[in-house]
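Number of protein chains: 2
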Amino acid sequence: MTISMTQHSHQTAPTQFVDAAGIRFAYRRFGKSGGVPLVLNMHFTGTMDHWDPLVTDGLAATREVILFNNAGISSTSGKVPASVEEMAANAAAFIKALGLATVDVLGFSLGGLVAQELTLAEPKLVRRLILLGTGPRSGEGMVSLTPEAQKIFGAHYDEPDHLWLKVFFTPSEVSQAAGRAYLKRFRARADNRDPEVSDQVAPAQLEALAKWGAPRENPFEYLKAIAQPALVVNGDSDVIIYSVNSCILQQHLPNAQLILYPDANHGSQYQYPERFVQHASLFLSEADARGSARR
Amino acid sequence: MTISMTQHSHQTAPTQFVDAAGIRFAYRRFGKSGGVPLVLNMHFTGTMDHWDPLVTDGLAATREVILFNNAGISSTSGKVPASVEEMAANAAAFIKALGLATVDVLGFSLGGLVAQELTLAEPKLVRRLILLGTGPRSGEGMVSLTPEAQKIFGAHYDEPDHLWLKVFFTPSEVSQAAGRAYLKRFRARADNRDPEVSDQVAPAQLEALAKWGAPRENPFEYLKAIAQPALVVNGDSDVIIYSVNSCILQQHLPNAQLILYPDANHGSQYQYPERFVQHASLFLSEADARGSARR
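Residue numbers (the working numbering), protein chains in the order written: chain X, 10 to 304; chain Y, 10 to 304.
Everything labelled a hint here was simulated from the structure, so no lab data went into it.
Cβ coordinates follow ideal geometry from the N, Cα and C atoms, glycine included.
Any given hint could turn out to be false.
So, partial list: chain X residues that the calculated Cβ filter (under 8 Å) puts toward chain Y [to be verified]:
#	residue
1	Gln185
2	Asp245
3	Ile257
4	Ala265
5	Gln266
6	Tyr270
7	Pro271
8	Leu291
9	Leu293
Simulated restraints, written as ranges between beta carbons of each label pair [stated by the list, open to error]:
#	chain 1	residue 1	chain 2	residue 2	range
10	X	Glu168	Y	Gly108	53 to 59 Å
11	X	Phe162	Y	Lys105	36 to 42 Å
12	Y	Glu283	X	Ala199	38 to 44 Å
13	Y	Glu182	X	Asp167	37 to 43 Å
14	X	Phe162	Y	Lys41	36 to 42 Å
15	X	Glu230	Y	Glu182	19 to 25 Å
16	X	Ala186	Y	Ala110	29 to 35 Å
17	X	Arg225	Y	Ala110	44 to 50 Å
Please put together the full structure from these sequences, using the hints given.
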C-alpha cells in the first residue's frame with residue numbers, strides 16, 4: 010500500500026503496521042517527504058496520541074515525521090522490556106524494518122533515554138538528536154521517580170487527562186492555561202485513536218527507568234561517544250526529570266546546544282509549541298558542515 | 010541629513026553623532042527600518058568596530074540595528090563613568106536623543122550589565138532584551154576578572170588582535186578557526202573605523218565591573234523587576250564571565266529563555282553567527298502576546 014505522505018496530518022495519518030523482531034509495530038507517518046525523516050520516541054505510559062499536533066504537524070511542514078508505539082505499548086504487539094537498552098534495540102528494529110538507513114531521532118522523557126541508547130547502539134542510523142525533558146544515566150533524582158513525580162502520578166484525578174496538567178505544566182496560571190489548550194489538542198484526533206496502554210506497561214517502564222537512573226561510576230562518560238549534533242530542550246522548572254539533567258546532557262555531549270524555556274515544567278515543548286517547532290526545525294535543517302563543533 | 014537606512018550595511022554605515030547629557034555620542038544605524046530598532050551595547054574596551062558584521066548585518070536583515078560608543082569610548086566624547094548605573098543612564102540619554110520611544114536592547118558582557126541597568130531604570134523604553142556572555146550582580150567569579158581573564162588580558166600578543174582569540178573562543182581547533190574567521194570579519198571595514206580606546210577606558214570599566222560584581226545580600230532579587238521577555242545566550246565554556254551566570258540570569262528573570270552553544274567561550278555568537286542571528290531574530294520577532302510566560 011502506498012500512502013501519499015503530504016496528504017496526511019497528525020489527525021488523519023492512518024495507523025500502519027510493520028513486523029520486526031517478532032513484534033508488530035504500529036506507526037503513523039506524515040509530512041514533507043524526501044529528506045531525513047524524524048522518528049519520535051514517547052514518554053512513560055504514552056501512546057502516539059499523546060504527541061501535540063501543533064508540534065508534530067509543525068515539524069511535518071519541513072520533514073517527514075514518524076510516530077510509533079514501541080514494543081508492548083498500545084496498538085503495538087509484544088512486551089515492554091524492562092531495560093532501556095532493549096527498548097532501543099526494538100526501536101532500531103522498527104526503523105530498519107521501514108527500510109530507513111538514516112533518521113533524525115527525537116526522544117521525550119523516557120523516550121529521550123531510548124534515543125540516547127539507540128544512538129549509542131546504532132550510530133550510523135542516527136544523524137541528529139533532539140532530547141526533550143530528559144536526562145543522562147544516573148541523572149539527578151533519576152534513581153526513582155522524583156518526590157514530585159510520585160505525588161503527581163500517585164494522585165487521583167476526576168478527569169484522568171488532568172494528570173498531564175501536573176506532569177507537563179507548572180502551577181502558574183499561564184502554564185496551566187497552556188496545559189488546557191494542549192489537552193484539547195491531543196484529544197482532537199477523533200478517529201482511530203490508539204487504545205490506552207495495558208497495566209503491564211508502567212511497571213516494566215519503571216523498572217527500566219530505575220536501572221537507567223541507578224548510581225554508577227563516571228556515569229556521564231558514555232555521552233562522549235555520542236558525536237551526533239544534539240539539541241537538548243527543557244523547561245526551567247522540570248520536576249519530573251529535574252532540569253539540571255538537561256544541563257548535564259549539554260555539558261557532557263560533545264556537540265549539544267541547550268535551550269531552556271521559562272516558567273515551564275516537563276512538557277515545555279507543549280507550552281511553547283510554535284517556539285519549539287522553530288528551534289527544532291532550525292536545528293534539524295542546519296547544514297552539517299557549518300557551525301558544528303567537534304572536540 | 011537624511012540617510013536611507015536600507016542602503017547601508019555594517020561596512021558602509023557612516024559614523025554619525027548626536028548630543029545628549031553633555032556627550033557627543035558616535036553611532037551607526039543600518040538595516041530594515043519601520044520596526045523596533047535594536048540597540049547594541051559593547052563589551053570591555055570594545056568599540057563599534059568590534060561587532061561581527063555577520064551578526065550585525067544578519068540582524069539588520071529583519072530590523073534596524075544601532076551601534077554606538079558609550080561615553081568616553083573611542084569616537085564618543087566624555088568620560089567613562091566608574092559605575093554600570095551611570096553607563097546605563099548615558100545609554101538611555103543616547104537612545105532618547107535619537108527620538109526613540111521603544112527599542113530592543115542587546116548587551117554583550119559589560120554591555121549586558123548596562124542593558125540590565127538600562128531596563129531597570131527605563132522599563133518603558135525597552136521592549137525585549139538579549140543578554141550575551143554576561144551575568145547578574147554579584148555573579149559567580151564577577152567580583153574581579155576571573156583568573157582566566159586576568160591571564161588572558163595580562164598576556165602579550167605579537168598580534169594585538171589575537172587577544173580576542175583567547176577571550177572569545179575555546180582552545181579547540183574548531184573554535185580557534187572560527188576565531189580567525191571572526192578576526193578577518195571584524196577587520197574588514199576599511200573606511201572610517203573607530204579610533205582605539207584611550208588608556209582611561211579600561212580602569213574605569215574595571216572599577217564599574219568590580220562594583221557590579223561585589224557581594225551583596227539577595228543579589229539576584231533585582232532581576233524579578235525585569236518583566237521584559239529576555240533571551241540569554243552564552244557558550245558552555247565561558248571563562249571570562251562563567252557560563253553558570255547565564256543560568257542564574259535565566260533562573261531569576263521572570264521571562265527568560267536560555268541558549269547555550271557547545272565548545273564555545275565568551276564570544277559564542279561570533280563562533281556561530283548564523284545560528285545566533287536565527288535565534289535572536291526568532292526571539293525578537295515573536296508576537297508579544299504568544300508563548301510569553303509571566304509569573
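The hints, checked one at a time:
{"no.": "1", "hint": "Gln185", "verdict": "violated, 11 Å"}
{"no.": "2", "hint": "Asp245", "verdict": "holds, 6 Å"}
{"no.": "3", "hint": "Ile257", "verdict": "violated, 12 Å"}
{"no.": "4", "hint": "Ala265", "verdict": "holds, 6 Å"}
{"no.": "5", "hint": "Gln266", "verdict": "holds, 6 Å"}
{"no.": "6", "hint": "Tyr270", "verdict": "holds, 6 Å"}
{"no.": "7", "hint": "Pro271", "verdict": "holds, 5 Å"}
{"no.": "8", "hint": "Leu291", "verdict": "holds, 5 Å"}
{"no.": "9", "hint": "Leu293", "verdict": "violated, 13 Å"}
{"no.": "10", "hint": "X/Glu168 <-> Y/Gly108: 53 to 59 Å", "verdict": "holds, 54 Å"}
{"no.": "11", "hint": "X/Phe162 <-> Y/Lys105: 36 to 42 Å", "verdict": "violated, 54 Å"}
{"no.": "12", "hint": "Y/Glu283 <-> X/Ala199: 38 to 44 Å", "verdict": "holds, 42 Å"}
{"no.": "13", "hint": "Y/Glu182 <-> X/Asp167: 37 to 43 Å", "verdict": "violated, 59 Å"}
{"no.": "14", "hint": "X/Phe162 <-> Y/Lys41: 36 to 42 Å", "verdict": "violated, 50 Å"}
{"no.": "15", "hint": "X/Glu230 <-> Y/Glu182: 19 to 25 Å", "verdict": "holds, 22 Å"}
{"no.": "16", "hint": "X/Ala186 <-> Y/Ala110: 29 to 35 Å", "verdict": "holds, 31 Å"}
{"no.": "17", "hint": "X/Arg225 <-> Y/Ala110: 44 to 50 Å", "verdict": "violated, 58 Å"}
Taken one by one, the earlier hints fail for this structure at numbers 1, 3, 9, 11, 13, 14 and 17, listed in ascending order.
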